[in-house]
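S.K.: Listed below, chain by chain, are the residues.
Number of protein chains: 4
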Amino acid sequence: MNYFEMDKNREFDLILLGRVAIDFNPAYNDQVKEDFKPLKDVHMFEKYVGGSPANIAVGISRHGMKAGFIGKVSDDQFGDYVTEYFDKEGIDTSQITRCVNGEKLGLTFTEMLSSSESHILMYRNCIADLQLSVDDIQEDYIKNSKAILISGTALAESPSREAAIKAVMLAKKNNTRIIFDIDYREYNWKNPDEISIYYSIIAKEADIIMGSREEFDLTEKLIKPGMKDEESAAYWHGHNATIVVIKHGMKGSTAYTCDGQQFSIKPFPVDARKGFGGGDGYGSGFIYGLYQGWELIDCLEFGSAEAAMMVKSNSSSDTLPGPEEVHAFIKEEKELYGEMIARV
Amino acid sequence: MNYFEMDKNREFDLILLGRVAIDFNPAYNDQVKEDFKPLKDVHMFEKYVGGSPANIAVGISRHGMKAGFIGKVSDDQFGDYVTEYFDKEGIDTSQITRCVNGEKLGLTFTEMLSSSESHILMYRNCIADLQLSVDDIQEDYIKNSKAILISGTALAESPSREAAIKAVMLAKKNNTRIIFDIDYREYNWKNPDEISIYYSIIAKEADIIMGSREEFDLTEKLIKPGMKDEESAAYWHGHNATIVVIKHGMKGSTAYTCDGQQFSIKPFPVDARKGFGGGDGYGSGFIYGLYQGWELIDCLEFGSAEAAMMVKSNSSSDTLPGPEEVHAFIKEEKELYGEMIARV
Amino acid sequence: MNYFEMDKNREFDLILLGRVAIDFNPAYNDQVKEDFKPLKDVHMFEKYVGGSPANIAVGISRHGMKAGFIGKVSDDQFGDYVTEYFDKEGIDTSQITRCVNGEKLGLTFTEMLSSSESHILMYRNCIADLQLSVDDIQEDYIKNSKAILISGTALAESPSREAAIKAVMLAKKNNTRIIFDIDYREYNWKNPDEISIYYSIIAKEADIIMGSREEFDLTEKLIKPGMKDEESAAYWHGHNATIVVIKHGMKGSTAYTCDGQQFSIKPFPVDARKGFGGGDGYGSGFIYGLYQGWELIDCLEFGSAEAAMMVKSNSSSDTLPGPEEVHAFIKEEKELYGEMIARV
Amino acid sequence: MNYFEMDKNREFDLILLGRVAIDFNPAYNDQVKEDFKPLKDVHMFEKYVGGSPANIAVGISRHGMKAGFIGKVSDDQFGDYVTEYFDKEGIDTSQITRCVNGEKLGLTFTEMLSSSESHILMYRNCIADLQLSVDDIQEDYIKNSKAILISGTALAESPSREAAIKAVMLAKKNNTRIIFDIDYREYNWKNPDEISIYYSIIAKEADIIMGSREEFDLTEKLIKPGMKDEESAAYWHGHNATIVVIKHGMKGSTAYTCDGQQFSIKPFPVDARKGFGGGDGYGSGFIYGLYQGWELIDCLEFGSAEAAMMVKSNSSSDTLPGPEEVHAFIKEEKELYGEMIARV
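Residue numbers (UniProt numbering), protein chains in the order written: chain H, 1 to 344; chain F, 1 to 344; chain X, 1 to 344; chain S, 1 to 344.
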């Protein structure tokens, strides 16, 4: 069964809506290696493009897909930086606009305390990405893409919140598939009810929903708290979802399909540099597989492999691999650990 | 067919969510009569409780129904005034809370230029009713009512916007019927897309939707602009609505039911004092009829009669009639003009 | 000694900067008489132009002085109302501009509990008068007036605060006399330190300072709290003030001059309708006297008489008298109670 | 003549009020050297404590003076970083408080295009330092210091603006000397009139005013635009200033004293790494000299030397020298270029 039927005659494979930001990670390269330590004691940082939907845009673009981005960036050199980076990666930036009231690009400073413990310090007050407004959403652009991915962070505040909902309404109107990546970031949200309200507005319309168990709990707070994974999946299948992916961190993740099947995957074993960045690799790989028409379990495996490759790296964007590298990584891992290493 | 099945074992017939405000109308009573004139030239004003859902609360309460109100009022004597008025009318005020940051009650100054031309000057900046927040919404209260009426004005701004959506989600969860009175007021809305977004969120969940053609157009802007009444009705029947009432001012209004029927009514002929206030009488009467289990055409006639009675009055709340008075009015009109005076 | 030397060759006698608002007073006229009662129970109101500097503008204009007003009003019929009222009174309105972001004119609803006890309920959130900005202040206008009166309420918030300070700086630069009417209104101020900061900035530059003991205490909080009247006067004489008027309500008031003299006055005995509105009459009368070159004690007596006339009235603007009426009132009172009735 | 008489019996030599922030400079050290290039192309950054008054606090502390700091920092690891840095430098941090509404520490990303051309990209929206409020200003602390330095940036927004003015009023009340370092940063200011208003409020009270010609022009806009240096100096001497220092960049600077003297200094010739950071070295050195009771020309020379040392460095704080190093630098420069190298 094809869980994700698309209109093939469209220019863009996927357009992504949400934040593009800058990650400042403790320097860790050939010249400088900042040890694991509290953020306040780090002296040197490396600058990378960041932000979940931005990373996925880079990821799928490196897999040969045609991506576009709907976003708002600062009217300064940091805005130039991320836009030029997207251009270089072949991501369409025609729908990235500049802030006019001095809002700045989001910044994420990463603290790496160990390979598994890391925290972030975010600059997200009066921030560029959340200034995206309904006037920035063009129906023709959405009509011209097979699917749109909405990052849940875009829902945290007005006017970006309404821009995201408008994009989903126009996607619906124009038969553009909707992928909802819940992507919860505590910052900017005012209270848990608000989270449930806005997540569920998008989730009800989405064809694919991806999130952790915690993220589904946040979404379902005002609908029916305490649902198990199967119940959650069934609930959203009852609306528009054909695939519901629920993640449980190191315990693996499961994709539930609207025909009652489920497919599970575990992480590949790797030495991690950091405890984050895997999710966007997972998303890029999984979506790539779907577009190839692969079996769902193969999509998941590909995503899981790409996730493993990313947690080894000091960046969440710049080291995203091409498909050959992911295939090679899977091959290598299977040779080392057996064919079923990531499968359940 | 029963278009509006309710759980009879609930304390409240209807709870209403939205604004309660104060109307200042040019004085027109036994002592003083301000002629039709520009607002700036009016010297004496009469003070009345106002705001669409507040008026409907008064209206149905005078018809013997048990009403409750979810709202936010100023922490001053104007807040006392409206709350005490509700108490006196038998409306439950346990869910009316006070503003804590000095926000004031909405004010509406009315300009009456002729019996058909009137304008309003609204005070709605930093206003009390729009401070209603998700924390003010109690699930038990909603669970305890047969139905909830949402006034669309409550959607114009945060945090009231989210409070209203939460109330609807909890109504859904608890099998409480939802009436959506679109009640468009230009004030506070930022752009037309926003209107379509939030109106449609509620409209999709509502059992009954009531609004003018213009209000349905606003709602449907991002869904499918330009729908005719029948198409609109069919669209919302495709979601959760069983009754869709579309009004065309002096040309009358039509109720469309989910089983494909439609029922139309015209205004009763009266000498109007003012061109507004009829809608809330209409709502009160129509809802009253529904709760009595009347045929839909009788509900409409009753609503239309109550509307006619209200445009003759200088207030939109204080002169709302009891059911006997409405019946008497209908009887009288029919004797004067014939049985079918308001029917099509 | 002339305590208030002015450049006689200027078009305007006095320009006033600050709020113009609308008073809604319980109706009390030939047709309707609302008894003393809580505000919430009042049904009919009369609308008047209000706001301290607006009242003084009307007052001095009726005394034949050429007044101008620097202010910001709403872009609606209430804005029209006050502007047209000023025009009619002969007050120059060329420097009254309209709000562009929907801010509304301030409203004051008066509660009259007895002839001596009254309260006000103010609408002053997002309010028109406090939107006055530095761009509204024209040097030529200030240069063209003998003096400028600053109402302290204009200092409560930005951008009006900076507009007022700019006006004072330009007055200083152009040798325009400065009258500071402290006019404390609790509303809009954030904390007592802020009050002391901004009041003292203006007080330091003012030629005449008028206020109650409480208002001087607020001004001096961060300078030297607890000063007696004589100390306060001496402190401000040490800056730029030639006359310092300190009021003690029903106990009377005293003017301290920079040459060490002091002149005291008491209220005239009257049956008051309300406990406010006297201050602006006092200001109008006192300033009028100064411009006539009268002895200070005569200025005070004239102001005190005008104050007495105003507390008898239901309005604070519309019933402001001309000079003949004040003279007549003084004559009448003296005949009744003796020549020294108001003098100490 | 002693231009800066202080009460010697006080615990602190100088307390500084204003911003402490973080500088992210392109990495330039033994391990990594980012060449001169546009900011967007810089990959590695070094993190330093920054902000003009923070740098001066570090500078004078390294010269053995007892410094305290009045400021507001973020409640996160960046707030920890700057506070711990101050602690380590011996600067009293008892008056540094934390933000409670999630405001973040200011960030300054530096672009170095050549040794003379550099730009900055500032994060100063919803920023920690400007949240300093009147409640953070303790009279006892100010009473306990010989002098207070106000950085003009603290005046750019409320509530910091009022906190700074309160500190100056309390300094006046308690005979604490006032140094006004104009320190103009375009960010956060709304219009030129506002700058003139608030700069002049402080300048009128200050014993020492330090700024560039451009900064004095900004200050004097509403007072008397277009003044020459001598006129400016005379104007401020007419208020409370005993020393007025006016800087002309590479052309040198001049100190004007209230007894009509003037003393000029030129920059020492050095190979600069960057075109900024010199000013705070200048301030530290000049103030140190004053506290030693040196002749004014010697204070200026010491400041100019410290400025020269700082523009050679990649940081504006971490490399601030002790007095021996400055003396050594002066000696060395004079040996190379002659005794009068910096003197006019």
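Everything labelled a hint here was simulated from the structure, so no lab data went into it.
C-beta: ideal position from N, C-alpha, C; glycine also.
One thing to keep in mind: the hints can contain errors.
Label pairs and their in silico Cβ distance ranges [claimed, not checked]:
no. : chain 1 : residue 1 : chain 2 : residue 2 : range
1   : H       : Asn191    : F       : Gly238    : 24 to 34 Å
2   : H       : Ser116    : F       : Asp140    : 35 to 45 Å
3   : S       : Asn174    : F       : Asp140    : 38 to 48 Å
4   : S       : His239    : X       : Glu335    : 45 to 55 Å
For lysine-lysine, the following BS3-like pairs were computed, each having C-alpha atoms within a straight-line distance of at most 25 Å [unchecked claim]:
no. : chain 1 : residue 1 : chain 2 : residue 2
5   : X       : Lys172    : S       : Lys221
6   : H       : Lys172    : F       : Lys66
7   : X       : Lys8      : X       : Lys66
Far from chain F by the CB rule (all over 10 Å, computed), these chain H residues [stated by the list, open to error]:
no. : residue
8   : Phe36
9   : Ile120
10  : Tyr187
11  : Asn191
12  : Asp193
13  : Glu215
14  : Lys224
15  : Gly260
16  : Ser264
17  : Ile297
18  : Phe329
19  : Leu336
S.K.: Taking the hints in turn, state whether each one holds.
M.R.: Cross-check of the supplied hints:
| no. | hint | in the structure |
| --- | --- | --- |
| 1 | Asn191(H) with Gly238(F): 24 to 34 Å | holds, 32 Å |
| 2 | Ser116(H) with Asp140(F): 35 to 45 Å | holds, 43 Å |
| 3 | Asn174(S) with Asp140(F): 38 to 48 Å | violated, 58 Å |
| 4 | His239(S) with Glu335(X): 45 to 55 Å | holds, 53 Å |
| 5 | Lys172(X) with Lys221(S) | holds, 13 Å |
| 6 | Lys172(H) with Lys66(F) | violated, 40 Å |
| 7 | Lys8(X) with Lys66(X) | holds, 12 Å |
| 8 | Phe36 | holds, 40 Å |
| 9 | Ile120 | holds, 26 Å |
| 10 | Tyr187 | holds, 17 Å |
| 11 | Asn191 | violated, 6 Å |
| 12 | Asp193 | violated, 4 Å |
| 13 | Glu215 | holds, 18 Å |
| 14 | Lys224 | violated, 7 Å |
| 15 | Gly260 | holds, 25 Å |
| 16 | Ser264 | holds, 30 Å |
| 17 | Ile297 | holds, 35 Å |
| 18 | Phe329 | holds, 43 Å |
| 19 | Leu336 | holds, 49 Å |
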